[in-house]
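Chains as they are written, first to last, in our numbering: chain A, 779 to 1073; chain B, 268 to 580.
Some hints could be false.
Derived SDA-like pairs: lysine to any residue, alpha-carbon spacing no greater than 20 angstroms straight-line [to be verified]:
{"#": "1", "chain 1": "B", "residue 1": "Lys366", "chain 2": "A", "residue 2": "Pro952"}
{"#": "2", "chain 1": "B", "residue 1": "Lys447", "chain 2": "A", "residue 2": "Pro841"}
{"#": "3", "chain 1": "B", "residue 1": "Lys533", "chain 2": "B", "residue 2": "Asn578"}
{"#": "4", "chain 1": "A", "residue 1": "Lys966", "chain 2": "A", "residue 2": "Pro952"}
{"#": "5", "chain 1": "B", "residue 1": "Lys396", "chain 2": "A", "residue 2": "Leu919"}
{"#": "6", "chain 1": "B", "residue 1": "Lys413", "chain 2": "A", "residue 2": "Ser1036"}
{"#": "7", "chain 1": "B", "residue 1": "Lys446", "chain 2": "B", "residue 2": "Asn578"}
{"#": "8", "chain 1": "B", "residue 1": "Lys446", "chain 2": "A", "residue 2": "Pro835"}
{"#": "9", "chain 1": "A", "residue 1": "Lys1030", "chain 2": "B", "residue 2": "Met370"}
{"#": "10", "chain 1": "B", "residue 1": "Lys474", "chain 2": "A", "residue 2": "Met1010"}
{"#": "11", "chain 1": "B", "residue 1": "Lys413", "chain 2": "B", "residue 2": "Lys374"}
{"#": "12", "chain 1": "B", "residue 1": "Lys374", "chain 2": "A", "residue 2": "Gly1035"}
{"#": "13", "chain 1": "B", "residue 1": "Lys396", "chain 2": "A", "residue 2": "Met1010"}
{"#": "14", "chain 1": "B", "residue 1": "Lys366", "chain 2": "A", "residue 2": "Leu1037"}
{"#": "15", "chain 1": "B", "residue 1": "Lys447", "chain 2": "A", "residue 2": "Ser914"}
{"#": "16", "chain 1": "A", "residue 1": "Lys1030", "chain 2": "B", "residue 2": "Glu355"}
{"#": "17", "chain 1": "A", "residue 1": "Lys1030", "chain 2": "B", "residue 2": "Lys474"}
{"#": "18", "chain 1": "B", "residue 1": "Lys474", "chain 2": "A", "residue 2": "Ser914"}
{"#": "19", "chain 1": "B", "residue 1": "Lys366", "chain 2": "A", "residue 2": "Pro841"}
{"#": "20", "chain 1": "B", "residue 1": "Lys366", "chain 2": "A", "residue 2": "Ser1036"}
{"#": "21", "chain 1": "B", "residue 1": "Lys537", "chain 2": "B", "residue 2": "Lys579"}
{"#": "22", "chain 1": "B", "residue 1": "Lys537", "chain 2": "B", "residue 2": "Phe547"}
{"#": "23", "chain 1": "B", "residue 1": "Lys366", "chain 2": "A", "residue 2": "Tyr838"}
{"#": "24", "chain 1": "B", "residue 1": "Lys413", "chain 2": "A", "residue 2": "Pro952"}
{"#": "25", "chain 1": "B", "residue 1": "Lys402", "chain 2": "B", "residue 2": "Asn426"}
To be clear, the hints were calculated from the coordinates, so they are not data collected in a lab.
Every value quoted in this text rests on a predicted model; they were computed, and no experiment measured them.
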Amino acid sequence: MFNYKTKEKLIGLFFSTTGIMTLLILIGIFAFLFVTGIHTFSEITPTDFFLGEQWNPAAYGEPSWGILSLIIGTLMMAFGSLVMAIPMGLAGAIYLSEIAGTKTRELLKPAIEMIAGIPSVVLGLIGILFLSPLISQVFGLSHGLNALTSSVIVGIMVLPTIISISEDVLTSLPNEFREASLALGATKWQMIRMTLFPAALSGIVAAIMLGLGRAIGETMVVLMVAGNAMAMPTSFFDPVRPMTANIAIEIKEVVTGSLHYEALFAIGLVLFVMTFIVNFISDIIIENRARKYKW
Amino acid sequence: MVDNKKLKGIYLAGALLLIVLISGCTTENKIIGEIANNVENIEIKGSDTLLQLVSNMAEAYIQNKPDAKISVTGGGSGTGIAALINGEIDIADASRRIKEEEMEQAKERGINPWEFIIARDMLSVIVSKDNPASKLTIEQISKIYKGEITNWNEVGGKNQEITLYGRQSTSGTYSYFMKKVVGGDYSPYMMNLEGNQAIVDAIKQDKLGIGYAGLGYISDEKGNPVGGIKIVEIAKDENSQYISPLDESKHSLYPISRPLLQYLAKKPVKDSMVYNFLKFELNPEGQEIVKEAGFVPITSEDRNHNNMLWNKI
């Protein structure tokens, strides 16, 4: 139909447009959030918006528009989930790459990756029906809709990300590392702790950052189990209202173009910037690592 | 050579597929367009309190009308009214009256909502069945939800902290309760749950919780309270009678009786599907469904309100 040169060109063109398209989509989303969200600041000062402790657009009297308690809710939930997922994730990754036999690994790795495929609403249901009553019993609380419960569930959700990327990083380390440390008389644990772990550290940090990005953006689970109270949380036993849940709850009632609508977009913008920074940092780390170790 | 032939075959097949797809799309669109002119459709959205009731009504209405389609979704009264203003739906369910600012927004967009009362709700306050507190005045409830009373021992319970459960801000029940009962801002420690059922479920589990929900969600078909919860008897003030929302003979005296509403985007055309559906909801058959769903039929006053509008159609 075409000669090979035109064909080559056409195929090249197709691939490059697809590549450029993703960039355009990213810029488009940012521009959309920015243009809509930025209007908020013509009516609410940035100080009131970022440092106000009270978010209450549907107030009895004057509405208040401070998102500090929402940001703190998001951060508590995200870091809580990492506290749970990092030790488990690293242990799992080390087991898979260094200790487990081939057969165990071939069984476990897909199983772990399958966790990533569980719809978050299903995990939310498990949270409401099983975990939250359990947590309220264990800690003697009257209910279990709080930052802790959502951290545990979101922790499970970010586990596959952390395990599979860390495992890839560990496996990709050259065998000379292992042979050299064993030859020097190190035990297996010493080899893992003193040679492999430091060598893989930047990759592991990148895996954790990607997990963090996922945790910050998680919506459905937190909507279901975090309690969503608007008060400033003071401990992990308090209910929290992360930014994602707040947008999901309120976007349904707003009339397009109203201040409330714009404020929700501004929150979306804050979320976008947060996850963007986290992903960007992990990208830089991975990039540096590739340059540092060229084996 | 062989490869080239294969490739040509693939191109040809691709091109044919594309043609089929494109032509398929256009014809399909045409068909949809034609159907849309014949089949009648009603889109209803809004109050979670009304969701079950209106779904039941819709089911009963379309039973003998194979061409009719009614879709009913929840999300909260605020969601429904916003969708009505945005021109997305025909009818908005609401468990609160439309706010002035919403009315203004609607008029700016050339929408003049018509309000009909289709049922009544005795908004109920519930606590755990193990809670000794069983009677509250409106003032006590208000203080509890404002965060001024934080311990059950102040209102006849044990020395334990109160956990507050409320609806999300899109809910009409949220706004109605805030305006008519709390009379101020909710305590920021109140948890926001989506839906009446979520509140009932939370109270079943939380021995220290207090929540509010529509009558249809706290009693079964026979009018008995659902298991695990206790329905609080409420008095207007200390000197008045404490009344349970399940006590039918005293419904007219219950302090938080509210109308359940439907807003139409515009004056309904006589004998259109929206007109007929509304007529069905308001006639005795429809009101029987209201009873079955656990809510209360409209009063004669509500009927006058409806008739005033009805006569203008």
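Exercise. Checked against the structure, which of the hints given earlier come out wrong?
Worked result: 1, 6, 7, 10, 11, 13, 15, 17, 24
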